Amino acid sequence: MPDAMEKTVKLRAELQVRVRNYEIDKEANLETIWH
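The sequence shown begins at -3 in this note's numbering and counts up one residue at a time.
Read the hints as simulated data drawn from the structure, not as lab findings.
All values reported here derive from a predicted model rather than from experimental measurement.
Among the hints, erroneous ones may be present.
The calculated label-pair distances, taken between Cβ atoms and stated as ranges, are [stated by the list, open to error]: (1) Trp30 <-> Ala0: 26 to 34 angstroms; (2) Trp30 <-> Asp(-1): 41 to 49 angstroms; (3) Asp(-1) <-> Ile29: 40 to 48 angstroms; (4) Asp21 <-> Pro(-2): 32 to 40 angstroms; (5) Ile20 <-> Pro(-2): 27 to 35 angstroms; (6) Pro(-2) <-> Ile29: 44 to 52 angstroms; (7) Asp(-1) <-> Ile20: 28 to 36 angstroms; (8) Leu7 <-> Ile29: 41 to 49 angstroms; (9) Asp(-1) <-> Thr28: 41 to 49 angstroms; (10) Glu27 <-> Val5: 45 to 53 angstroms; (11) Trp30 <-> Pro(-2): 47 to 55 angstroms; (12) Asp(-1) <-> Asp21: 26 to 34 angstroms; (13) Leu26 <-> Val5: 46 to 54 angstroms.
By construction, the Cβ of each residue, glycine as well, lies at the ideal position given by its N, Cα and C atoms.
Make the full structure from the sequences, and use the hints.
Pasting the structure below:
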């Protein structure tokens, strides 16, 4: 059971990183478009 919890926590952390990177890329792309 702890293993499953650990996997879930790791997956959530990974997703958060991906979302954050996506947001950063999106803002960078917007700046590229407007400049």
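Do the hints match the structure? See the list:
| no. | hint | in the structure |
| --- | --- | --- |
| 1 | Trp30 <-> Ala0: 26 to 34 angstroms | violated, 45 angstroms |
| 2 | Trp30 <-> Asp(-1): 41 to 49 angstroms | holds, 47 angstroms |
| 3 | Asp(-1) <-> Ile29: 40 to 48 angstroms | holds, 45 angstroms |
| 4 | Asp21 <-> Pro(-2): 32 to 40 angstroms | holds, 35 angstroms |
| 5 | Ile20 <-> Pro(-2): 27 to 35 angstroms | holds, 33 angstroms |
| 6 | Pro(-2) <-> Ile29: 44 to 52 angstroms | holds, 46 angstroms |
| 7 | Asp(-1) <-> Ile20: 28 to 36 angstroms | holds, 32 angstroms |
| 8 | Leu7 <-> Ile29: 41 to 49 angstroms | violated, 32 angstroms |
| 9 | Asp(-1) <-> Thr28: 41 to 49 angstroms | holds, 43 angstroms |
| 10 | Glu27 <-> Val5: 45 to 53 angstroms | violated, 33 angstroms |
| 11 | Trp30 <-> Pro(-2): 47 to 55 angstroms | holds, 48 angstroms |
| 12 | Asp(-1) <-> Asp21: 26 to 34 angstroms | holds, 33 angstroms |
| 13 | Leu26 <-> Val5: 46 to 54 angstroms | violated, 32 angstroms |
In terms of the numbered hints stated before, the structure departs from hints 1, 8, 10, 13, listed from lowest to highest.
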